[in-house]
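Number of protein chains: 2
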Amino acid sequence: MKLSILGCYSATPRTLNNTTSQVLEINNHMFLIDCGEGTQVQLRKHKIKFNRIKHIFISHLHGDHFFGLVGLISTFRLLTRETDLHIYGPKGIKEVVTLQMKLADSWTNYNLYFHELTSKKSELIFDDDKVEVHTIPLNHRVYTNGYLFKEKPGERKLSIGAVENANINVAYYRKLKQGFDVVNEDGVTIKNETVTKPGRKPKSYAFCSDTMYKEDIVPIIKNVDVLYHESTFLEQHAHLAEKTKHATAKQAASIAKQAHVGTLLLGHYSTRYDGLNAFKEEAQAVFEHVELAEDGKTFKF
Amino acid sequence: MKLSILGCYSATPRTLNNTTSQVLEINNHMFLIDCGEGTQVQLRKHKIKFNRIKHIFISHLHGDHFFGLVGLISTFRLLTRETDLHIYGPKGIKEVVTLQMKLADSWTNYNLYFHELTSKKSELIFDDDKVEVHTIPLNHRVYTNGYLFKEKPGERKLSIGAVENANINVAYYRKLKQGFDVVNEDGVTIKNETVTKPGRKPKSYAFCSDTMYKEDIVPIIKNVDVLYHESTFLEQHAHLAEKTKHATAKQAASIAKQAHVGTLLLGHYSTRYDGLNAFKEEAQAVFEHVELAEDGKTFKF
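For the protein sequence lines, the chains are A and B, in the order given. Remember, the working numbering sits 12 above the position in the first sequence when you count from 1. Remember, the working numbering sits 12 above the position in the second sequence when you count from 1.
I should point out that these hints are in silico values taken from the structure, not numbers from a laboratory. Take these hints with a grain of salt, some might be off.
A pair holds if it fits inside one copy or across any two, identical chains being indistinguishable in the list.
[What the hints assert, rightly or not] Think about it this way: if two alpha-carbon atoms lie no more than 27 Å apart in a straight line, the pair counts; the simulated DSSO-like pairs of lysine-lysine are: (1) K132 with K66; (2) K114 with K133; (3) K103 with K114; (4) K292 with K255; (5) K309 with K14; (6) K57 with K309; (7) K255 with K114.
Values in this document were obtained by computation on a predicted structure and should not be read as measured data.
Sequences are here, hints too, so could you generate the full structure?
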């Protein structure tokens, strides 16, 4: 699982600070999460093969999370993309994108599917043999969802000694990896778990931005390997966080602790602070495993 | 008159190539012309005091000329702007901007005025004591206008010897500069032109992008000091220019020659070419005074 941070600052893009966008590579999928203005340039700058993106997840319709979407869609057209593109986001996202295509008289030559979200409960919105994606209802000034990405369990591993001793024809190894019991050369049914071990543990990633402190997301994100939780402010500005429906680093850490996540990744920083270390320090007072998102940084989990 | 090129490439923003946007400072006005994605970052990067912008002129609603507009409007809000902002552009521009503000539930705290254009004839769209702005109807795939910016004549200059000999009270000098006749200390009416000289010659700038070769703009832009004319292609791709309703460097030069402009400024280059010199050479074969727009370059005329 690889996460590339294209932008992790709040409010407005600046010379050195990009607004929210990240690319999650998980089980051979490449997902784009949020798409602030300039995301397509960040994709190029960081040499991401962005034509591989087939699914884009938009948390909410504030500009710093989606003003780059229409430009990216338009660029895919100019690059003569043919692959389907799926957009997940709040109701209204289809109208605003299609209005711009209409005004420009520039329609995509690939299929563009909008999956508009309105539910305030967590929903399964994407599901294939590799990955599933659920919404995480958040509490912000406008309708907002985080997204939970979960790998499907991989194939089981053969316990080499055991499988050989069991006198199983090699032709059945594939079925064993898929979890089935098989009949051996002696006509005896071999229980799968006696000759295989679980595959590698499926990874999971939860993206939660933008939101104020919201404890009821804890059951949804329980035990995820990585939680990206917004921390627009430090505790000294908790009143601003409450007013603008954002979170502090301490609040993000509290959510991480309650959800027993593996790593907490902080982001969506206000640019009012000098540097990011104070965010990490504040969070680590509550929860140990904290990392700082930074524009251009890549994490492998 | 100062022109700052924020972006002058066609189609899509790239790591080193920005799409169309420029700032024209003329007679104490600061006008923004077109606003491709990332314009607000370019404004910051080039340290332009962009809160001084009160008027934005959008040529047409293709993304590479206006996808940065809503972000800039939104950033002005976050910067707690209070000054009125006027947007000039094709019909539809108001709907698309206001839809995005509605979806974000984020309305400006300053007054935002839209001046939607539909005419196919040149119109006077802005006029004060310093500058007037006219549309230049262009021929592109969607409804498009260029813009002609003309300084108003400045104050006349006193002919010092003559004005002293005429025995005029100093209190009347201001009226003389404004072009009025005055009565001198002896009760005699002094004709203005006998004691004053014309002020400095008013400057003018014509922005023409995007358009195919269109001779009937020549009378509108006649004798302008500077003509920015798009040259997306070189003549070797004249067939593409025709197909996509763009112009070649040679065609831009032909327009400049017919209109007797002072300087031709080329821009809106396709990124298919290695370097820009070929554009200049091709144009100079037709018209001598050619300059190349480049991202981040500033011209003083």
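Now for the hints, and whether the structure bears them out:
In this homomeric assembly, K132 and K66 come within 27 Å of each other (Cα to Cα) only inside a single copy, at 25 Å, whereas the closest approach across copies is 41 Å. Taking the shortest alpha-carbon separations for K114 and K133, only the inter-copy value of 24 Å comes in at or below 27 Å, while the best intra-copy value is 33 Å. For the identical chains of this complex, K103 and K114 are neighbours both inside a copy (18 Å) and across copies (12 Å), given an alpha-carbon limit of 27 Å. Proximity of K292 and K255 under a CA criterion of 27 Å is satisfied intra-copy only: 23 Å inside one chain copy versus 55 Å between copies.
Taking the closest pair of Cα atoms, K309 and K14 come within 27 Å of each other only inside a single copy of the chain (11 Å); across copies the shortest separation is 39 Å, beyond that limit. Taking the shortest Cα distances, K57 and K309 sit within 27 Å of each other both inside one copy (12 Å) and across copies (22 Å). In this assembly of identical chains, K255 and K114 lie within 27 Å of each other by CA distance solely across copies; the values are 20 Å between and 37 Å within a copy.
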